[in-house]
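Engineer: Sequence:
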Amino acid sequence: MTKFIHTADLHIDSPLRGLAMRDETMMRTVQRATRTALQRIIDLALKEQVAFVLIAGDLFDGEWKDMHSGQWAAGQFRRLEEAGIGVYYIRGNHDAVSQIQRKIRWPSNVVELPHDEPTTIVLEDLGVAIHGQGFADQKVEIDLAARYPERINGMFNVGMLHTSLTGSEQHDTYAPTSLEVLKSKGYDYWALGHIHLRNAEPICVEPYVTYSGNPQGRHIREAGDKGCLIGEIEGESLKEVKFHSTDTLRWQELIVDVSNDTSLDGVLAKAGQAIQTQHTRHGGLSSAFRLTFSGATKVHEELSDLIRRAEIYQQIFAAAESVDDEVWIEKIRFDTRPVEDAITRDAHELWQAIAQQFDQTQDDPEANQQLQELVKPVLDKITAAHINLSEEGTLDQRLPQWMEAAKQLLRSRLGAQNS
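So the sequence shown is numbered by my numbering: it starts at 35 and just counts up by one.
Just so you know, these hints were derived from the structure itself, not from any lab. Small disclaimer: the values here were computed from a predicted structure and weren't measured. Some hints could be false.
Subject to a maximum C-alpha distance of 30 Å in a straight line, what follows is the list of computed DSBU-like cross-link-like pairs (lysine-lysine) [stated by the list, open to error]:
hint	residue 1	residue 2
1	Lys217	Lys137
2	Lys173	Lys219
3	Lys217	Lys37
4	Lys332	Lys365
5	Lys304	Lys217
Take these sequences, add in the hints, and give me the full structure.
Structural biologist: Structure follows, in structure tokens:
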């Protein structure tokens, strides 16, 4: 059985955005987060005794300020060199040749696939062929995969590609291609990079096509569990692919429904408990929360009071710190409304259903006839002093007017808007 790691988009030394640096602990955790993710991938490779590691682009975030970023990464890869684990790396749009021109001397176990043409690396002892091509420039707008070589028979074939595939709303379109093109190559596994959201399920099973996602979220739009994939090969077949977490700081969106709360103290206590519960659920990992209060609540006015907002912020920050020193609040949002708004909305929805029923009755001759038969016995008991049908029209003439009057009376009593 041969194991390998598929990772991408590490963006080493990328600045994490969205946190006000309030203390040294936070600054240290945030600044080291992307590096720690690589360290955890290396640790995992050694623990699982994988044969090789695939990095499908954007190992770095852009041009280095100095040589330290490259030297540090090389030092990590030397840990794998000592264990005889190979690293196969292609450049992406952030670390394209045109973006990072500084040269680093990689350890002997690191192979960077060329950026000018697709290349195949054959691992004879493992029965594995790795095909790939890196980015020469940041904006690669051609289909690189279309030029990849055909599979090598008798081996497990892996394609490495940094691509937006058919497009993504959150990412620029680079090296676009299609699933049909990938399938046409006859490979067994496609290790994709560029899209930071990991596929919960593979894009395709045969061949296995998937994004590993980035191993460390960098802002709230990259919330949730982040990590890498470990694949297991037996002969020419892929037996299993498993996800492993590697993030050291997890971005989380937390919605606190305060619909049933009647006091500000109750709302703040609920927020603190929600933070505690979520933090425990994720094993005490350092966390940055975006907190959103939602719902129709009697506390809406207090939550909307700008003068009280500063006090609310401070109490939420304190609640987070009481859970753990490495739990922080990225942002607090207020999406509440007065209880009356909910009543009005419900009344309007009820009114629309009633009005629709009235209209259907008027348009249905049979239903209209049944309604007349129900009303007539009542009218027969009314004396001429109460109503003179001969002056006001026949029952079938007056009934539509009475129904309209009834509709408007109901609308008024419900307090619903007309539509």
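Engineer: Straight-line Cα separation of Lys304 and Lys217 no greater than 30 Å?
Structural biologist: 50 Å, violated
Engineer: Quickly compare the C-alpha distance for Lys173 and Lys219 to 30 Å and report which way the hint goes.
Structural biologist: Answer holds: Lys173 to Lys219 is near 24 Å, not above 30 Å.
Engineer: Does the structure keep Lys332 and Lys365 at a Cα separation of 30 Å or less?
Structural biologist: 23 Å, holds
Engineer: Could you grab the alpha-carbon distance between Lys217 and Lys37 and see if it respects the 30 Å cut-off?
Structural biologist: Measuring from Cα to Cα gives roughly 23 Å; hence the hint holds.
Engineer: Could you grab the alpha-carbon distance between Lys217 and Lys137 and see if it respects the 30 Å cut-off?
Structural biologist: With Cα atoms ~35 Å apart, Lys217 and Lys137 exceed 30 Å; violated.
Hints 1, 5, counting from the list given before, are not met by this structure.
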